[in-house]
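**Student:** Residues per chain are reported as follows:
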Amino acid sequence: MTEDLEQKLRDEVRTLLEKGKIEHVIGYGEGSLKFATTPIMISDQADVDRLVINPFIHNNLSVLLPEVSGKVAVVAKVCDARSIISLVQNKQVARENVFIIGVPCNGIVDVAKVEKLTGLDRDEIDAVTWKDDRLVVTFAGGSKEFSAPEVALDSCLDCDCSGFKEFDLVIGEITPVAANKELSRVRIKEMEAMTPAQRWEFWKNEFSRCIRCYACRQICPVCFCERCFVEETEPLWVSPLPRWQDNLIFQAVRMMHVAGRCTDCGECQRACPVNIPLGLLTGKMEDIVDELFDYRAGMDKDAAPLMAAYEPEEAEDLMR
Amino acid sequence: MKKIKKQNVAGLLEKWQKEFTVFVPSKASGVLQMAAWDGENLSFLERNRNTAIPPKANFLPTMQKMFGFRKEEGGYVLEPTDEDPPKQLLFGIHPCDARAISIIDMVFKDAYEDKYYLSRRQNTVLVGMACTSPYDNCFCTSLGFGPADATDVDIMLTDIGDSFLLEQVTDKGKGVLAGAKDLVEATQADEKKAKEVKESAKAAVSTKIDTKEISKRLPLVFDDKKFWEEIAAKCVSCGICTFLCPTCYCFDISDEMLRDGSGGARYRNWDCCSFAVYTKMPAENPREEKWRRVRQKVYHKYAFYPELFGVIGCTGCGRCIRQCPVNWDITQTLNSLPEGTAAKAEEKQKTS
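First to last, the protein sequences are chains A and B.
In this text, residue positions in the first sequence follow this note's numbering: the first is 1, and each later residue adds one.
In this text, residue positions in the second sequence follow this note's numbering: the first is 1, and each later residue adds one.
Simulated from the structure, these hints should not be mistaken for lab results.
All residues carry an ideal CB built from backbone N, CA and C; glycine is no exception.
Just so you know, not all the hints are guaranteed correct.
What the hints assert, rightly or not - Listed next, the in silico SDA-like pairs over lysine to any residue satisfying Cα-Cα at most 25 Å (straight line): (1) B/Lys65 with A/Pro305; (2) B/Lys198 with A/Phe139; (3) B/Lys27 with A/Leu241; (4) A/Lys204 with B/Ala52.
As the list claims (entries may be wrong) - Just some of the chain A residues that point at chain B, by a computed CB distance under 7 Å: (5) Ala36; (6) Asp123; (7) Arg209; (8) Ile211; (9) Tyr214.
Stated by the list, open to error - Sample of chain B residues with no beta-carbon within 10 Å of chain A, all distances over it, derived: (10) Lys18; (11) Asp171; (12) Ala189; (13) Glu256; (14) Arg259; (15) Ser262.
Produce the complete structure using the sequences and hints provided.
**Tutor:** Put into structure tokens, the structure is as follows:
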């Protein structure tokens with residue numbers, strides 16, 4: 001199944017390059033780590049066979065769009081494609097310069113979840129394969145099976161891809177098999193149930209680990225500011241020292257800045273080397289944006305960016 | 001050679017706790033790192049995998065107060081920090097990380113003696129644990145040592161089943177073992193078993209690089225912009241590979257003033273050459289472009305460090321590979337350096 005899709009993707013990309021419809025493609029190549037892929041950029045037809053599709057296509061490749069100029073195709077899961085449209089909405093990239101190739105993302109495996117469920121590290125696992133809708137994890141001395149919602153990326157649980165219409169080409173069929181709205185909100189519900197004091201303690205504990213490597217910001221496609229507020233020194237908005245309070249302020253402000261353009265793709269949480277559950281913040285934020293403004297970033301390329309557009313008749317007179 | 005039964009290690013740690021803060025590999029904080037032992041959890045005796053955060057954090061904390069200052073007539077008065085360097089014992093440190101500490105020692109006592117780092121270093125005992133389960137992308141054996149090398153620790157432990165074989169490497173190590181109960185003489189069979197464990201750990205390190213070839217090729221590829229652009233293309237310029245690198249030691253310094261301007265304090269915190277602002281100066285930024293920053297990282301470890309200190313500034317711990325969000329892999333870069341022509345090498349030699 002995967003091989004068929006891979007072949008189809010390679011054929012399509014080869015044709016696109018041949019016909020000059022695109023100059024480059026950003027896709028997934030074989031990773032050097034087990035159960036991982038790595039972003040690759042290809043401009044030559046001879047390299048097309050390096051493209052892969054498998055259950056480990058984790059990266060949101062839209063973050064690499066600024067790396068190439070001219071017409072570029074991007075291999076994209078639904079969340080990633082929404083990021084591209086969010087970038088279009090925010091005038092970071094012209095829609096006609098991006099060719100969005102949708103790939104089936106039902107069953108992208110969250111390796112961190114598999115590690116947690118098995119108590120093993122990535123390299124101690126021998127094989128991770130789908131058997132129908134069950135994931136079979138094989139390791140020295142045995143194997144375990146998990147249901148799709150147990151091991152899928154959080155963003156797959158939250159998937160509502162039916163309304164997304166912006167793919168220029170779709171390889172295979174996109175169906176949200178792991179979607180489970182209830183499960184996707186379990187941790188957010190737990191956070192909501194906390195008293196403010198408990199919540200403060202919870203985030204204090206989480207942000208105490210932050211080392212300010214800024215991987216969350218760097219991996220984020222919609223953190224596109226040329227100069228981040230944390231790098232300003234006059235005024236100094238936030239201290240560069242990784243105290244938990246400053247770490248929290250950094251993240252809170254980053255979240256406010258991406259509200260309305262964040263698609264909750266999950267990359268900030270995946271990248272975090274100290275396991276801060278940033279998906280709780282992006283997930284909750286997306287809910288708030290939807291609830292208050294009936295707005296979902298990256299769904300409609302013609303919709304004005306939520307926080308960067310102003311209509312004179314708006315009730316808020318801040319801008320007048 | 002001595003040995004200690006695993007069930008007796010807790011007693012030894014308790015003895016050490018009277019004098020030191022005993023750090024052990026722990027996931028209690030949410031990430032595997034050296035953390036003060038809680039007096040109970042001993043899972044690190046069985047599951048011997050290296051930490052995500054390197055133990056350099058015990059010597060070069062993520063942030064550290066250097067001194068305070070107070071405004072007085074005619075200038076500022078410096079107030080040394082009242083914090084005494086903590087007496088630490090790091091238990092279960094892997095040989096790659098112990099080697100890394102020896103490597104950055106050279107920097108902190110080179111041009112001047114960095115008292116903040118060195119005072120912590122002098123107050124610390126390193127109890128190493130032979131690495132019996134290297135990660136699949138570890139490559140320490142390519143860097144002139146191995147996963148069970150005892151050179152850089154004070155005491156070395158090797159798991160031989162129900163006991164640890166215990167080597168007293170330095171006088172400092174011997175000192176902290178004085179009066180320790182439960183140490184018994186190891187038998188020849190124990191030593192043989194330890195040797196086998198060490199050998200099999202060494203054999204388990206599967207990723208390789210060729211440092212000789214690298215040192216030959218690196219000087220020839222410095223100006224190959226196209227090569228570095230390709231290598232750097234997928235990098236997102238975050239700080240993971242450097243912050244989690246056990247031999248990266250860069251720090252930034254900043255002053256914090258009290259609101260009323262009467263004084264403040266100077267701090268230092270980890271900094272990173274992957275950030276574009278790292279080299280930003282008023283007039284220009286010599287490493288504004290990403291490929292220059294990625295090149296810098298590789299050269300610092302594999303060219304500049306050997307030039308300055310005669311040793312490669314990398315221990316093959318593999319953290320930069322495992323933790324990278326785009327799976328950028330330094331061994332792939334090092335193994336793909338283009339072969340220079342003899343003529344080019346000669347030309348380079350003439351000009352240098």
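**Student:** All hints, please: hold or fail.
**Tutor:** Okay, the hints, checked on the actual structure:
no.	hint	in the structure
1	B/Lys65 with A/Pro305	violated, 43 Å
2	B/Lys198 with A/Phe139	holds, 24 Å
3	B/Lys27 with A/Leu241	holds, 23 Å
4	A/Lys204 with B/Ala52	holds, 21 Å
5	Ala36	holds, 5 Å
6	Asp123	holds, 4 Å
7	Arg209	holds, 6 Å
8	Ile211	holds, 5 Å
9	Tyr214	holds, 6 Å
10	Lys18	holds, 27 Å
11	Asp171	holds, 35 Å
12	Ala189	holds, 27 Å
13	Glu256	violated, 7 Å
14	Arg259	holds, 13 Å
15	Ser262	holds, 18 Å
The structure fails hints 1 and 13 (numbered hints given earlier, in ascending order).
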